[in-house]
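Produce the entire structure from the sequences given, and follow the hints as far as they go.
Chains as they are written, first to last, in the numbering used here: chain A, 6 to 257; chain B, 13 to 330; chain C, 1419 to 1732.
These are calculated hints, taken from the structure and not from any lab test.
Computed from a predicted structure; not experimentally measured.
A hint or two may mislead.
Once the Cα atoms are required to be at most 25 Å apart in a straight line, the calculated DSS-like pairs of lysine-lysine come out as [unchecked claim]:
#, chain 1, residue 1, chain 2, residue 2
1, B, 120, B, 222
2, A, 18, B, 222
3, A, 23, A, 215
4, B, 222, A, 81
5, A, 23, B, 222
6, A, 215, A, 227
7, B, 141, A, 18
8, A, 227, A, 18
For the chain C half of the interface with chain B, some residues (derived, Cβ under 7 Å), not all of them [what the hints assert, rightly or not]:
#, residue
9, 1563
10, 1570
11, 1695
Even glycine gets a Cβ: it sits at the ideal position worked out from N, Cα and C.
The chain contents come next:
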Amino acid sequence: MIDISGVSYAIGKAQILKDVSLHIPCGQITALIGPNGAGKSTLLNLMSGQEPLQTGTVSVDALHIGQTRPRDLALKMAVVAQHVGVASRLRVRDLISFGRWPHNQGRPTAADHTMIAQALDRFDLNALADRFLDEVSGGQRQRAFVAMAYAQDTDWLLLDEPLNNLDLRHASRLMAELHRLAREQDKSIVIVLHDLNYAVAWADHVVAMKNGALAFEGATQKVTNAENLSALYDTDVRLVQTEDEVFVAHHR
Amino acid sequence: MLRTRPYLLTGLALLILSGVSIFIGVGQLSLGTVWHDPAALQLLWISRIPRTLAALLVGSSIAVAGVIMQLLVRNRFVEPGTTGTSEAAMLGLLAVTILAPGWPIMAKMIVAACASLIGIAGFFALIRKLPPDQPLMIPLVGLIYGGILGAAATFIAFQADLIQYLGVWMSGEFSGVLAGRYELLWLAGGLAVLAYLAADQFTVAGLGQKASLSLGLRYGQVLTLGVVTVALVSSLVIVTVGILPFIGLVVPNIVSRLMGDNLRQTLPVVAGMGAGFVLLSDIIGRVARYPYEIPAGTVFGVLGAVVFLWLLLRKPHA
Amino acid sequence: MPDRWFLILLGALVAASALFLTWGLSTRIWFILELRLVKLAGLITVGIAVGIATMLFQTLSGNRILTPAIMGFDALFLLVQTSLVFFIGGFGFVQLPGPVVFGINTAVMMVAAVTLFGALLHNNRRDIQLMILVGVIFGLLFRSLTSFMQRLIDPSEFAIVQGTMFAQFGGINRVELLTSVCLLLPLLVWIWRQCPVLDTMALGRDPARSLGVPYDGLQFRLLCAIAALVSIATALVGPITFLGLLVSSLTYSLMRSHRHALLLPTSAAMAALILVFGQTVFEQVLDLQSTLSIVIEFAGGLLFLFLLARGKLQ
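See the structure below:
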C-alpha cells in the first residue's frame, strides 16, 4: 500500500498540491485522473521520490520515501516518466537491460537475460531490439521505457501517461499487459491517464485530482459516474452502457 | 563476433601510429641502429617514447572526459573546452603562478583542478535556466562563458606580464615532453580507467536524473565523480601539455554515431580513438614544416573543426 | 526627425571625444593632439563599421544574438591576411603598398564571406541555434587555420610581417585609416539608401519577397557590405568579439523601433561612444595599455549571459 499523508507542494508561489492524503491499494491498477494542471504528475513524482517532499509523508509498503536508499527503492518500484527524451544513443535492448541494474549493478546473470528477453517479447519489441533509441518512433521509445520498467520487476509500477504516442493496438496491449501483471503477479500499478475510457475499462481503483486537491477516490465502478466526472472536468460527461462495456462520452 | 571489430581496428591503428611516432623526428632513429647505438637508445627513452606515451595518455583521457561530460549534461556538444572548464583551470593556474610561484607542480595542478571544479559548477548553474528544447544553446552559453573566463585570464596575465605562460597553456603541444616531465599524465590515464569501472553508472546517468533515480542510482554521487574526473583530467593536461580543443567533442560524437552510447562497450574505443587522433596530430605537426614543429593542438584545431562542422551540417539521413 | 536617444548618444560621443583629446594635455600640445586625433578618427571609424555591420547582419539572419564577430567574420579576415603572406611571401607582402594589401584582403574576404555565410544563411536560417554554433566553430576553425599557416610561414619572414599584421587600439596606421575612410563613406551612403527596404527585409525572407523585395540579390550585396565593414574594423584594431553584441542589444533596448533609419545611426554612435569612452578611461585615466578589447570581451560576454538568464534571447 502507498500511504500518502498531508502532502503539500509548491513551486515558488504556485501551490501545486494542497494537503493531499490517500491510500493506494496493493495488487490493483489505480488510475490517477483529472484535468490539466491538477497535480497528478507532481503527486506521482513525490510518490516515487523523484521530487523531494516539502511537507507530509509518503510510504510505500514499509519504506519511507526520502529515508530509503535509492537502490532499495528501485527494487521496490519502477517509474516511467512522462517525457522520455534521451540524449544518449542506446540500443533498445541496452535500455531494457538497464532495468536489471538495481538487481545486478552491471553484472548480468542468466536470470537477468531471461527477464530482458521476456520484456522484449511482452512489449512487442523484438524487431527493434538492436535499433538505437533515436532511430525509433516516439511510441516505440515509450514502449521501450515501459519494458525497461517491466524488466525492473518491482512490486510497484508507476507510469505517467504511458499511452501518449501509442497507437490503438499498442495502447490496448499495454493496458492488458498491466492488467495481467496485477492479476497474475500481484503487482501494484499506478497510472496517470488522460483517456477516461481506458481508466473506466481497466482500472480497479480511481483517484481523481482537481486544483491540487483530492476530488474523489474509490473503486472504479462506484466513483466513476456522470455526476462526479462532469464536476471534475467542468464539462458535460455522459456514461454510455453497452452490453458489456461502459463508454465515457464527452465529445459533443 | 562483429562487435569486436572496432576494438581490433583501434588497437591496430594505435600500434601503427605509435611506431611512426617513435621513429619520426629531428634526431635520426632507425630500427637497425637503435639496438646497439647508445645515443639512439637514449633518444628513444628520453624523448620519443615519453612523447608518444604523453600523446596517447592525453588523447585517451580527454576523449573520456568529453564523453562523461556529454552524458552528464545530456548534450552532444559539450566538452571541457566548450564549457569554460579549461579556462577556469587556466585561471587557477595563473593565480597560483602569481601568488605562490614556488609551489611544486602537483600543488599547482590541484589548485587548477579546484578552479576548474568551480568553473564547472558555474556552468551547471548557468545551463539550469536554459529551456530543454534548445540543446544547442548549452554549448553556445558554454563557449561564451569560457570566453569571459578566458578574457579575465588574459587581462590578469597582461597585468602580471605572464602572457607567455598563457600562450603555452593555450596551445597544446608535445615538443617539450621529455622523460621526467610528463609522468603526471599517468594520473589522467588512471582516471580514464577509473571511469571505465563506473561506465554503467555514467550510461544510466545519461538517461537523466529521473530515470537514474528510478533505477536506484545515486545520481549526485555519479555526477560528482564525473565532474571531478573531468576537472582533474583537464587540469592535468593543461599543466603538462596545454589545451587540446575539440578532442573531447569530436571523438565521442564519432564513436556515438558508429556504436551508440553504452559506455561499457564504447569507452575503450573512445579512449583509443582520442589517443590516435592526438598522436596523428602530433605526427602531422612534426612533419608538416620539418624541422620546425606545429603544436598538435593547432593541427587538431583544424582537423577537429572540419569534422565537427561536418557532423553539424551534413544532411540528417532518414 | 532625429530621435531623442540618438541626440543624447551623439552629445555623449562629442563630450567623450573632447575628453579623449584634452585629458592631461600639458606639454607638446600640438604633437599629442595630432596623434590623438588620428586615434580618435580610427576609433570612430571602427565604431561605425562594427555598429552598422552588426545591425545589418542581425536583420539578415533574423535574430538578435548573431553578430558578424560571433559568426567568425573577424577570424576570417585574419585568415585571409595570413594566407596572403603565405602565398606571396613575407618580403613581397611588406613591399606592397598598404591600400593594395587592404584592397586584396577586403576583396578576398568578400568572396569568402558571401560564399560561406550566404550558403549558411540560405540553408539554415530557420535553425538559428545551429547557425550560431556553426559560426562559432567557423571562428575557431579560422583561428586554428590562421595559427597553422603562421607556423608554416618561414619564421624569419613571419617576424617581418607580424608588426603590420596585428593591429591594436594603441597604434592606428594613418594610411590604413585613410583607405578605410575612403571605403567607408560610399558604403555608408549606399546603406543609408537601403534603409526602407531593410525594414521590410527584417520581416523575413518570405514576407519580404511577397512584398516584392528582391531578397536574395540584396542579401548578397548586404553580405558584401558587411564583409567590407568588418574588414575595415579588423584591419584597424583587430578582432573584438563581443562589441557588436553589446552595441546591438543596447541599441534595441533603447530604441524600441524597427526602423533602420534610426537603428543604424544609433548603433554606430553607440559603438563609437563605447570605444572612445573606454579608450579614454583605460588609456588616459587608468593608464592601462591595450586592454580595452579584453574588457569589452569581458563586459560583452557578461551582458550576453545576463540577457540569457533574463530569458531575453529566444
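Hint by hint, here is what the structure shows:
no.	hint	verdict
1	B:120 / B:222	violated, 38 Å
2	A:18 / B:222	holds, 24 Å
3	A:23 / A:215	holds, 10 Å
4	B:222 / A:81	holds, 16 Å
5	A:23 / B:222	holds, 23 Å
6	A:215 / A:227	holds, 19 Å
7	B:141 / A:18	holds, 18 Å
8	A:227 / A:18	violated, 36 Å
9	1563	holds, 5 Å
10	1570	holds, 5 Å
11	1695	violated, 18 Å
Against the hints set out earlier in the document, violations occur for numbers 1, 8, 11.
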